Amino acid sequence: MNKKTAPEIFGLSLNTILLFIFAFSTTYPFWHVIMYSISDSRAAMSGGLFFIPRDPTLLAYRMLFKTKLIFIVYRNTIIRTVAGTGLSVLLSSLTAYPLSLARFKGRSFFSLMIFFTMLFSGGMIPTYLVVKNLGLLNSLWALILPGAMSAYNMFILRNFFQSIPNSLEESALLDGANPLQVLFRIILPLSAPALAAIAMFYGVGNWNSYLDGVLYINDANKQILQVYLRTMLGTAGAKGVLGDISGNLSDASSLTEETMKMVTITVSVIPVLIVYPFLQKYYTKGILIGSVKG
Amino acid sequence: MKRPPPSLLARKTSKDRLIGLYRYMRKDYMLYLMILPGIAYILIFKYWPMYGISIAFRDFSIFKGYADAPWVGLRNFVTLFGKAGFIRALKNNIIISVLKLIMGFPFPIILSLMINELSNMKYKKLIQTSVILPNFVSWVVINGLLYAILSPSSGAIQGLLAAFGYDGKFPNLMTDKSNFRMVIVLSHIWKGAGMGTIVYLAAIAGIDREQYEAAAIDGAGRLSQMWHITLASLRSTIVILLIFRVGEMMYAGFDQIFAISNPLVISVADIIDTYVYTIGLEQRNFMLATAAGLFQSFIGLMLVLITNAIANRIEPDSSLMNFAKRK
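Protein chains in written order, with my numbering: chain A, 1 to 294; chain B, 295 to 621.
Worth flagging that the hints you see were computed from the coordinates, not collected in a lab. Each hint can be trusted.
Sample of chain A residues facing chain B (criterion: CB under 7 Å; computed from the structure): (1) 29; (2) 95; (3) 98; (4) 104; (5) 121; (6) 123; (7) 124; (8) 148; (9) 149; (10) 178; (11) 229; (12) 230; (13) 265; (14) 279; (15) 280; (16) 287.
Lysine-lysine pairs mimicking BS3-like chemistry, simulated, CA-CA at most 25 Å apart: (17) 239/A - 222/A; (18) 281/A - 419/B; (19) 416/B - 285/A; (20) 485/B - 281/A; (21) 416/B - 281/A; (22) 309/B - 105/A.
A quick note: this is a predicted structure, and the numbers were derived from the prediction, not measured. Just so you know, even glycine gets a beta-carbon here, dropped at the ideal spot from N, CA and C.
Start from the sequences and build out the full structure, keeping to the hints where you can.
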């Protein structure tokens, strides 16, 4: 490399510093919440930066896990995420495969039909009425079915399938395989990166989705984690949980609403942080597979 | 199979075509079985609601259903535009969208250019990994993070100020009408910045290194290289992404605003989606809510069609339509 001038060195250092400040701003809040959640409520009350916990204690976690509801909403969220993602990937693959074949009659009709839903939608109320008419309100199906296939993800997959050489498929067909076997034995194994990417899109979407919980679920036993967290972040929510707990346990009286909120945030964000390295890798790839440049 | 007489070959009737299609479908029936669930899904959850849009043009009651709902033309829209709440939502929608576009669109570009200037690969990786993090959590979680940082009682900033001897109160930005739109816009930028850099950084990675070397020999400094090579190479990507952003202008961020707003700031944060939710699902006025939603989708559709046509002119391969139609 050629020599850098003094202003260049200054500029590059400033650039590095600014980037680190921004990166700090995107990561510190998570750390803050986790450290706050394992700090003693009274010590934490004054706020400020939390690089390490103050008087560490797991009291708030013990209290939160004393309530039955947290397990219920957690279980529901896991079910909708696993079942929803599995169903979505399957549905998208089954739809994308015929649309990727030049010989499939009706492919432009079906493609256009699906594409149009990317441009225009019935909107919140008509969709709500459909879910209601199907009798899905207050069931986990209401969280899984309405978003079961994203047109965008389906097209990403179809474009990927199209990039696989036809000769592989043709030779399998000559050997007497039917299209379903071709899809599952040849196409899907070759599409691992694209499948991983859309599974990530669907999985993250399912885990983080909360509007459908608000719209379609009224029954606390069917509710999901994000909606539970949303209630908890409202003043009434944290007070309610604290009230429930302190009815049973005397040492809960030292807990503040703030601590309970931080604990609930931590509990809902930890799974995402655990899978984060995978997420980042496949998500990035997926974005590029589907990016405007193709 | 016997060959049909030539006179028939010349003139394929529609009946023949149907028979041909039938033969084809019988041969490849499994493909149709495979696509069936997806098409059923699209029909039920995407097209059935589109039929439901007719509520916007009817005198509809949930108890009577569609059959007993007489057509009333544009009456619901006239009522809607007479509502101060809707006008307010429309105004907020436009203001928030425009602010997000003007302030938010350049940010990932600047961030990508900055990240690209890092020569230390470890730093580069660390920064990229860090800035994408908020993209993977829900807006409800972000709301919690905002609370943890901004809360005037136990938040990070308040405590930090107090530690430096400031004894005043840090204003509660989350309940302050004059600042809340900035909270919306800045948290939107903060959450999406890292994800936004992916496409730009990939485009930058594709730039021919020789261009920089040649420029360096000609005496171009780093800034001038950034301007004349990096940014110039990104131009078409930037234009296309900008056009798509404009196409999404009717959607000001339902997920975000529903999660982070509260009654104290609703007058500056109520957008069309949140308005639809309030009058539709809370006040149960399905007709007005559907009309408001249709107004939004319709303008949204127009914007997408226009912006796509423009994108297609600039870069023939780039439009959404092409993404769906490819090959």
